[in-house]
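Assemble the complex: chain A is given as a structure, and chain B must be docked to it using the hints.
Top line first, the protein sequences correspond to chains A and B. The first sequence lines up with residues 1 to 652 when you count with the working numbering. The second sequence lines up with residues 1 to 652 when you count with the working numbering.
Simulated from the structure, these hints should not be mistaken for lab results. C-beta atoms are modelled at their ideal positions from N, C-alpha and C, and glycine is treated no differently. Among the clues, some could well be false.
[As the list claims (entries may be wrong)] Partial selection, computed: residues in chain A whose CB lies under 8 angstroms from chain B: (1) F11; (2) N115; (3) I423; (4) L594; (5) A598; (6) R601; (7) V613; (8) D619; (9) F621; (10) E623.
[As the list claims (entries may be wrong)] List of simulated lysine-lysine pairs, DSBU-like, C-alpha gap at most 30 angstroms: (11) K599(B) - K515(A); (12) K572(B) - K331(B); (13) K608(A) - K331(B); (14) K599(B) - K545(A); (15) K608(B) - K599(A); (16) K173(A) - K371(B); (17) K599(B) - K572(A); (18) K46(A) - K515(A); (19) K599(B) - K575(A); (20) K539(B) - K507(B); (21) K547(B) - K599(A); (22) K333(B) - K276(B).
Number of protein chains: 2
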Amino acid sequence: MYALANQSTTFLDGIISPKELKGLSTEQLKALGAEIRQEIVSRLNKTGGHLASNLGIVEITLGLHYVFDSPRDKILWDVGHQTYVHKMLTGRREQFETLRQYKGLSGFINPAESNHDAFVAGHSSTSVSLAVGMAIARDHQKQRHKVIAVIGDGGLTGGMALEAINHLGHLRKDVLIILNDNEMSISENVGGFSQYMKRIKETFFYEDIKIKIDHIEEMLDEVPLTPGVRDMIETVKRQAKERFDTPGIVFEKLGLNYSGPIDGHDVGAVIRALNKAKDREIPQILHVITQKGKGFGPAEQDAIKYHGVSAFSLEPPLKEKIEPAQSPKPKSKTYSEIFSEALIEIADREPSLVAITPATAEGSALVKFGKVYPDRFFDVAICEQHAVTMAAGMAKAGLKPVVSIYSTFLQRAMDQVIHDVAIMKLPVIFGIDRGGLVEDGETHQGVFDIAYLRSIPGFTVLAPKDAVELRNLLYSAIANATGPVAIRFPRDKALNADALNSGEGTKLSLLDYTKWDLLSEAGSTALIAYGSMVDVALKARDLLKEKSIDVAVVYARSAKPLDEAMLNRICKDYKRVVTLEEGCLAGGFGSAVLEWAAKRRFTNLQEKHPEIVCQGVPDQFVEHGARGILLSDVGLTPDKVAEFVRAWQSGS
Amino acid sequence: MYALANQSTTFLDGIISPKELKGLSTEQLKALGAEIRQEIVSRLNKTGGHLASNLGIVEITLGLHYVFDSPRDKILWDVGHQTYVHKMLTGRREQFETLRQYKGLSGFINPAESNHDAFVAGHSSTSVSLAVGMAIARDHQKQRHKVIAVIGDGGLTGGMALEAINHLGHLRKDVLIILNDNEMSISENVGGFSQYMKRIKETFFYEDIKIKIDHIEEMLDEVPLTPGVRDMIETVKRQAKERFDTPGIVFEKLGLNYSGPIDGHDVGAVIRALNKAKDREIPQILHVITQKGKGFGPAEQDAIKYHGVSAFSLEPPLKEKIEPAQSPKPKSKTYSEIFSEALIEIADREPSLVAITPATAEGSALVKFGKVYPDRFFDVAICEQHAVTMAAGMAKAGLKPVVSIYSTFLQRAMDQVIHDVAIMKLPVIFGIDRGGLVEDGETHQGVFDIAYLRSIPGFTVLAPKDAVELRNLLYSAIANATGPVAIRFPRDKALNADALNSGEGTKLSLLDYTKWDLLSEAGSTALIAYGSMVDVALKARDLLKEKSIDVAVVYARSAKPLDEAMLNRICKDYKRVVTLEEGCLAGGFGSAVLEWAAKRRFTNLQEKHPEIVCQGVPDQFVEHGARGILLSDVGLTPDKVAEFVRAWQSGS
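Isolated chain A, as found in the complex (with noise of 0.2 angstroms):
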């Protein structure tokens, strides 16, 4: 990909904590940020990884650890994935190797590898909340040091960004609150606050405005003026200065000391605001304007595209993610894909449907749609909260909304989808993108989905098998979903997406999603496998095959509605059933499929009842690493299947 002539790291090699940072001259900083991004460039092509982030923050960073004193003072990074720069600067420049690699370096911020990295983050906007409590312990404690938050433009339109910036412009506690501005973190659709911070950068760089008054005043000087004018037109020129003067005068006005915009890749000017920022023992933003993949691609074909650019309009903006040289991107369509398209060609057909994305546009592929559908696009920016019950409005006005959203995030919406949703009976249907394990580790792991939207009243909660399924569900949700709908997909390539290219797989066509299907029927143990399981199952059933031992597979294509009448007709056809999900165990499929099956037991005593053993993601964070390697650890992969069927029935 974007491979590098050798350099030499010689600063970098020096540096082996940040102590080693304060003897630098700005100019050897800057050396050392150059080496900085080659490094990130070179490593990446590797391992994959987030890339534009890191090359954009790199002289913040240099300039946080220059001035301030981790892990002593408290550095807090939303989000967490552009602390590469910070990884290498305390100590693991040498673990990059691993980086997002099971058992390796993680992709974010994490306490457990580094005293440096004073709270984990991987969902936005946290790093305000995270920063007044630490301030408020701090103060009642009696301490002193300096606790900085360093958000993105994106995450300040995160909710609750915006609830704790409220809540420290009244504490009035002594909080850095370093805005990131790169304009680039989400998509076009940002909000009034960020073209807010849009005319604030204009205001400042072209500063018209502040000539023509500063031109006034000149003109004034010439005029004949008694002292008492002279005094009146003084306070309102001040008055008038102090409007333009103050570009961040929201930020003030919310009780914030506000400074900046200063250029966030001079390191010198990077420094000097931090140095004036430490001294200040109040709530204050410090507005630093990066760009994001800032010294990217310096000699190659792709760096004609991206050089000339200047540094508020890099187009067409740089991939802030890439994945690892060494393990290209299979051709094969992702879940996400599919969905996305399918998406594109049910639109063609329901013009009231409209689909919503809070800032995962890129992430669940729906640029395109927003492309074809420019109308019926909802980029929100980080808003999970919002999107939801924006849906709800629009659901209760006649449209038929799709929000897009990964199962790790729709955690942020949970009482919009009760109150506003559910309670409503709407048929919003959303398309639960990364439902499962993912490689991004604790925060991102979308498990919990099935659990908690199954305990909500009047709620379908749907899982498809492989992509023609996805298509299939999807579209039925659409055409009759009478309350709200849930189809979650895991992040990975989607299966049996070839049938789409020919044949009946190419038609969308209407099922029953609220029935489960029985793949195969043999031998005395079942399996019931939710979604993206039923690959492990029938596979499963293969392995198994060979041992001479027989199952049969259904494949439940919701955890809610329970299908009653084929789990009757398998609890008097077999003797052991095995759920199998890609959640959490706890309040999962297999739980409910327990509490239904322990009605039955007490409505009908007479009857047989099979043994049920649930198979799911168990009580625990997961770690990252790639999802085939995750799902094997615990437990749910065909071989592990087919050897815990086979020690149950052999009892062994």
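Then chain B, alone, in the frame of chain A:
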């Protein structure tokens, strides 16, 4: 309470729907407003309900229904407890006798009651998102009507309202936000935003700077200036005036047109402002100043206290919600009070303890804590997300934070509970108030917490059986927790509160809260009761004894972890187990027991296994009504539990 002399309701009697309003003059509307106030006070004297907020919104409601055309125009009431006036004007006056009673008129807004109720509400800060969604739908469908969100200054502190305003400013849809600003919806800690709005009002009411500028203008008129200089000065003047003519500059910067503030009790002014807003097809916010409890207590002793105070310093605060006069508040303490008093006691011994509330200090009885420990008390406004993550920051930095929060509102911070508290294994204590069924209805039922909290790794989910246990659970959790602990209790008077007056009950004791208690052993059926259900189980046991049926009763303190030793013992000694919980059955406590039992059956096939049946809140939203009625409805009263056990044992 606040009984009024009987007065005529000439105008109110003529209002069958908003249509009848349109013919009234301003003077007649004023008279109608007075009649409505009188009606509300005398009605609520009988039924209880939200008094102050409804007295405060009389003229806004009259103005809205006078100027706009509901239900064609959509009025979205934030929170929805300030809609009594709206209900009276939309054909529900006669139903007020049944206000907040089982099967009676809801205390909140509810589309099931009237097509004038555009959407359900009960939680705060949703109205702007709904309005944005409905405005998008309107424009997509080429309809023409107004969409209006009515939100309080408290609601505006909620992050999702800020997300929605941010998005609205970007979309530039025709949405009118009525900011009903009464400065009283929350406690004193109201954040930078509220302070800002206070300053807006100061600017408006004193207007001193504005007057100064006008004065300069006059003086400059007398000075000889060249046209060029005069133009320049005009520019400066315009810009300076703009600064002060725009008290809502924060909103303007976010892309909303701001107007106001206006006096929200001058119905003529309200109508004029709404008429202006009606003609502007842009996103706009109308800032209306109101006084909670306006016009209350005309001729009584109490009136002396309230009558003379200015519109902006109503002291002491009028209680937002009054209880019905005919069922006087029981003298025995509520669980909220027991919790709060214990917190004060523990805080005395534990200097690191701090308490956090998201604007529910009154409801959770924390006002006294705030007075005793003002520096250790944090009311963060209606910001559940910020509250939880701030607590995580505090815990990481060495404090012992206790978050007091209603079960239904904790739904809004589920992601923060997972991402910031649980992944970090931080000992944040959650005092979950209103855990279980509450009179407020569907939007407020605290029935999901057990299910979603127990799915989170490392969480401890406790529930006390009575007042003594609540104190000791809290004390023990604060002392010994190594990870997050939730303690949930119902909204009711505390059982066994008398024990706190003397003897052992007065002392705080450490206990192992992961262990359950076998309260009585007998018969072949065991009732395993979680928290509040212990009392029901014991009473059911007594009822059964009268029929010569013996049952055992287990007090389960923790839904997570389960007490496996106790469960094993019960499984060995009993043939039937009934789990009892005041929470949803889907994924709840009983479900956890079933999961455990399924594992036991699997690993221990030779053993005998009891039949297990789960009793709790079925899979439906529960309406409003007294807790006792609702518990009976779902089968969670002693007689119903006893009958269930009797029928089961007899096989009938």
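Comparing the hints with the structure gives:
1. F11: For F11(A), the interface hint is violated, since the closest Cβ of chain B sits about 33 angstroms away, which is over 8 angstroms.
2. N115: At 12 angstroms from the nearest chain B Cβ, N115(A) fails the 8 angstroms test, so the hint is violated.
3. I423: Constraint on I423(A) satisfied, holds at 5 angstroms.
4. L594: 4 angstroms, holds
5. A598: Holds. Min distance 5 angstroms.
6. R601: Holds - the Cβ of R601(A) comes within 8 angstroms of chain B, reaching about 6 angstroms at its closest.
7. V613: With a closest approach of 5 angstroms, the V613(A) hint holds.
8. D619: 5 angstroms, holds
9. F621: 5 angstroms, holds
10. E623: 11 angstroms, violated
11. K599(B) - K515(A): 27 angstroms, holds
12. K572(B) - K331(B): 44 angstroms, violated
13. K608(A) - K331(B): Violated, at about 54 angstroms.
14. K599(B) - K545(A): 26 angstroms, holds
15. K608(B) - K599(A): Measuring from Cα to Cα gives roughly 19 angstroms; hence the hint holds.
16. K173(A) - K371(B): 21 angstroms, holds
17. K599(B) - K572(A): 21 angstroms, holds
18. K46(A) - K515(A): Violated. K46(A) to K515(A) sits at ~45 angstroms, over the 30 angstroms cutoff.
19. K599(B) - K575(A): The hint holds at about 16 angstroms.
20. K539(B) - K507(B): 27 angstroms, holds
21. K547(B) - K599(A): 26 angstroms, holds
22. K333(B) - K276(B): 51 angstroms, violated
Going down the numbered hints, you'll see the structure goes against 1, 2, 10, 12, 13, 18, 22, while the others check out.
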